[in-house]
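Chain by chain, the residues:
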Amino acid sequence: MPINNCKLAGDDILSKLTVKDVFMNYHSLKGFTKALTDISFSVEEGEFLSIVGPSGCGKTTLLNIIAGLIKPSCGEIFIDNENLDSVSSKIGYMFQRDHLFEWSSVWNNITLGIKIQHKSPDLYKDKITSLLKNYGLMDFVNYYPDELSGGMRQKVALIRTLALNPEVLLLDEPFSALDYQTRLNISDEIFKILKEEGKTVIMVTHDISEAISMSNRILVLSKRPAKIRKIFNITFSESYNSPLKCREDPEFRIYFNNIWKELNY
Amino acid sequence: MEGVELLMLDYTKEHQVYIKNINTRKKKIILTRLIILVAFFALWEIAGDLGWIDPFLTSTPSRMWKNLIKLYAEGTLFRHIGITCFETILGFLLSTVIGTVIAILLWWSDFISDVLDPYIVVLNALPKIALAPIIIFWAGNGMSTIIVITILISVIVTIINVFHGFKTVDRDKIRLLKTFGASKFQILTYLIIPSSIPTLISALKINVGLSWVGVIMGEFLVAKEGLGFLIIYGGQISQLDTVMVSIIILSILAYLMYEAVELVEKKLTKIMLH
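Each protein sequence line maps, in turn, to chains A and B. Residue numbering for the first sequence is 1 to 265, as defined by this note's numbering. Residue numbering for the second sequence is 1001 to 1274, as defined by this note's numbering.
Since the hints were made in silico from the structure, they are not lab data. Mixed in with the good hints there might be a few duds.
[Stated by the list, open to error] The calculated lysine to aspartate or glutamate pairs, modelled on EDC-like cross-linking and capped at a C-alpha distance of 16 Å, are:
id, chain 1, residue 1, chain 2, residue 2
1, A, LYS125, A, GLU102
2, A, LYS230, A, ASP80
3, A, LYS16, A, GLU102
4, B, LYS1178, A, ASP85
5, A, LYS34, A, ASP21
6, B, LYS1270, A, GLU102
7, B, LYS1173, A, GLU102
8, B, LYS1270, A, ASP38
9, A, LYS199, A, GLU102
10, A, LYS227, A, GLU262
11, A, LYS199, A, ASP80
12, B, LYS1270, A, GLU147
13, A, LYS261, A, ASP207
14, A, LYS20, A, GLU102
Computed from a predicted structure; not experimentally measured.
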């Protein structure tokens, strides 16, 4: 009997990014573990999608598969209708921790990806400078990471990712290493940055409130082996237009309770 | 306003007291070190002169001084020192470079590092000096043998330490570079080596000590010149003054070389952290 029922790729794909019939198994000498089963969803251009699920359910695995860092047991990823089978420059990845290189200045950290791809930093200079100016980091380009606060470091990490102009951003619990107050402020700020830049975003988080406050849709995964349990559409009325403000919307609590129930079925 | 000024004044005063205490402690430490040194040599001298110990077996500082002057007058002192220093520095540099290159190779290929693992364990446990007779046959009765022994003694430890340093680099940082599409060589040069600088420096520090061991061992076995030779030669002709003088010079040189590495460390850390 086959481990899983791999399906063939479909044809009518129009979204920015599509995850189609992804299965993932981990093998060890003792046997294998099913991590992901039959994951399919798509993300539209400019959409903010969050993935929540119990810890250890394979959220980060899914993100790594989308990023092309690991190959799924079967299934495919499409971006702009093209099959993605390795790391793509259309995708940017932001980690839980900022992973800034302590031995490099802020500027050198930001231009890291550009240098690795053998591109000329001069081509990106204007773009980076405007990002730095907008987010209040222009005065710090010659500073070193250990001279910055946690929130500033995370913003530098974001600019490092944005510098290469990716179309889709993958965020792996990007705020979980920050203290609560900084976390609320930075998530608000980064949300604005991403909207202004018109990025398509997939964020993995275990924080339900964070997911509700930032996303257009929330995908709830089940316990391992992870399946998609439910997809929630999140809409708030016009007056609650930022992640911080929408927490005041009465709808917020209702979304929270529904997702909470779905997670603890 | 007066109140504020008064408060400021108090802070400055408190700070001055703090600085003063630290400086006094520093001075006390240096003074005590000097007293121990002087007392040690004075006691040695007195004990020898008064016949509490036999100066033939233990020498005395004054006899050592005379011996030093004699060596200097013969014009061989600096030649011996120079040769030993040259061998040590060369052995030290070569084993550091070779060890680091092999560590990079092991990091590059998991297959190679898994295959070589038991061999490295055996080579690390083996007393390298046991290989000396073979090396003398292969490398001849001279300086090349001393260098080879020195490299053998410190290279395995270098490989193990540096490789371990490479392996402990944060895997998420490697993942980050991979999302930029970095090649293995780029991961090595952009991440692995810079973040392993502290490990490399501590490997250098261990190597300094081991290189001295290697060189002196080597000189015991084959040399006609150098401080190790002086020590063995002095022993053979029952000239313990020469032996003691050589040992003291050796201590000073080893100390200076260690300090030099520390200086390099400070410089490098300064560059690394801006």
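Here is how each hint holds up against the structure:
no., hint, verdict
1, LYS125(A) <-> GLU102(A), "violated, 22 Å"
2, LYS230(A) <-> ASP80(A), "violated, 25 Å"
3, LYS16(A) <-> GLU102(A), "violated, 35 Å"
4, LYS1178(B) <-> ASP85(A), "holds, 14 Å"
5, LYS34(A) <-> ASP21(A), "holds, 14 Å"
6, LYS1270(B) <-> GLU102(A), "holds, 12 Å"
7, LYS1173(B) <-> GLU102(A), "holds, 12 Å"
8, LYS1270(B) <-> ASP38(A), "violated, 52 Å"
9, LYS199(A) <-> GLU102(A), "violated, 28 Å"
10, LYS227(A) <-> GLU262(A), "holds, 12 Å"
11, LYS199(A) <-> ASP80(A), "holds, 14 Å"
12, LYS1270(B) <-> GLU147(A), "holds, 15 Å"
13, LYS261(A) <-> ASP207(A), "holds, 14 Å"
14, LYS20(A) <-> GLU102(A), "violated, 39 Å"
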